[in-house]
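Chain residues, written in single-letter form:
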Amino acid sequence: EVQLLESGGDLVQSGGSLRLSCAASGFTFSDYAMRWVRQAPGKGLEWVSAVSSTGGSKYYADSVQGRFTISRDNSKNTLYLEMHSLSDEDTAMYYCAKGRDGYNVRDAYNMWGHGTMVTVVS
Amino acid sequence: DIQMTQSPSTLSASVGDRVSITCRASQTIVSYLAWYQQKPGKAPTLLIYKGSYLESGVPSRFSGSGSETEFTLTISNLRPDDFATYYCQQYHTYSLTFGGGTKVEIK
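Quick mapping for you: the protein sequence lines, in order, are chains A and B. When the first sequence is numbered by this note's numbering, its final residue is 122 and no position is left out of the sequence of numbers. When the second sequence is numbered by this note's numbering, its final residue is 107 and no position is left out of the sequence of numbers.
Simulated from the structure, these hints should not be mistaken for laboratory data. All C-beta atoms, glycine included, are put in the ideal place defined by N, C-alpha and C. Mixed in with the good hints there might be a few duds.
[Claimed, not checked] Per label pair, the in silico range of CB-to-CB distance: (1) B:Glu70 / A:Glu1: 29 to 39 Å; (2) B:Leu54 / A:Gly44: 36 to 46 Å; (3) B:Pro8 / A:Glu1: 46 to 56 Å.
[To be verified] Taking lysine to any residue pairs in the SDA-like style, the calculated list, with each CA pair at most 25 Å apart, reads: (4) B:Lys107 / B:Lys50; (5) B:Lys42 / A:Leu11; (6) A:Lys43 / B:Ser60; (7) A:Lys43 / B:Glu105; (8) B:Lys42 / A:Glu46; (9) B:Lys50 / A:Tyr59; (10) B:Lys42 / A:Pro41; (11) B:Lys103 / A:Pro41; (12) B:Lys42 / B:Pro8; (13) B:Lys42 / A:Gly56; (14) B:Lys50 / A:Met111; (15) B:Lys42 / A:Trp112; (16) A:Lys76 / A:Val120; (17) B:Lys103 / B:Pro8; (18) B:Lys42 / A:Val2; (19) A:Lys76 / A:Ser52; (20) B:Lys103 / A:Glu46; (21) A:Lys58 / A:Lys76; (22) B:Lys42 / A:Ser25; (23) B:Lys42 / A:Val121; (24) B:Lys39 / B:Ser65; (25) B:Lys107 / B:Ser67; (26) A:Lys76 / A:Pro41; (27) A:Lys43 / B:Gly16; (28) B:Lys42 / A:Ser57; (29) B:Lys107 / B:Phe83; (30) A:Lys76 / A:Glu1; (31) B:Lys42 / B:Ser67; (32) B:Lys42 / A:Thr78; (33) B:Lys39 / A:Thr119.
Model the full assembly from the supplied sequences, consistent with the hints where possible.
Structural data, given as structure tokens:
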């Protein structure tokens with residue numbers, strides 16, 4: 001069974017940092033591009049970042065460029081999101097997601113984790 | 001970035017109705033459009049990809065159509081389990097974008 005399990009969400013002070021993890025199982029992790037999507041309370045979905053299957057190509061939304069870093073460890077089947085200079089606008093549920101077509105970074109997402117909540121307080 | 005505009009933002013319907021949701025892109029996305037369903041407190045689930053392809057396991061009462069800049073999600077014979085929020089997403093560019101969502105409510 002394909003599973004994505006996020007962790008690392010927490011309550012953090014404005015200006016602080018946090019690292020999220022997403023543990024994958026049930027598929028060949030190294031064959032798939034992966035991404036993070038967030039959803040602020042009561043709001044819509046916002047794509048945050050994506051990484052190619054090898055980790056060699058990374059993409060970011062303008063809203064997080066320069067503050068967030070996506071990475072992956074294919075030996076551990078784990079995706080990461082390092083977040084710095086957090087503000088209340090980063091308060092959201094953070095989901096990791098797997099695409100349908102493997103290597104393609106530009107893809108529809110056919111598997112999502114349950115999410116991990118990040119709350120930024122001032 | 002490509003802007004995705006969904007309409008309506010809220011839709012009231014009854015069980016058995018046929019409903020349609022529209023998604024417009026600010027520039028052509030060819031057919032690189034997906035539709036998702038999200039229920040409160042849950043992660044989204046994929047319904048339709050590449051504009052009109054039904055994801056495995058999704059009931060056939062869901063269908064997608066359109067290309068270039070205008071797309072439609074249609075739910076025929078609305079079931080109680082279908083009352084949820086629906087999002088479109090373009091994946092034509094590396095900076096993917098979602099529509100604002102359409103909440104389908106019980107009339």
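- Message: So, against the hints stated earlier in the document, which numbers end up violated here?
- Response: Hints 2, 3, 4, 6, 13, 16, 25, 26, 27, 28, 31 contradicted; others consistent.
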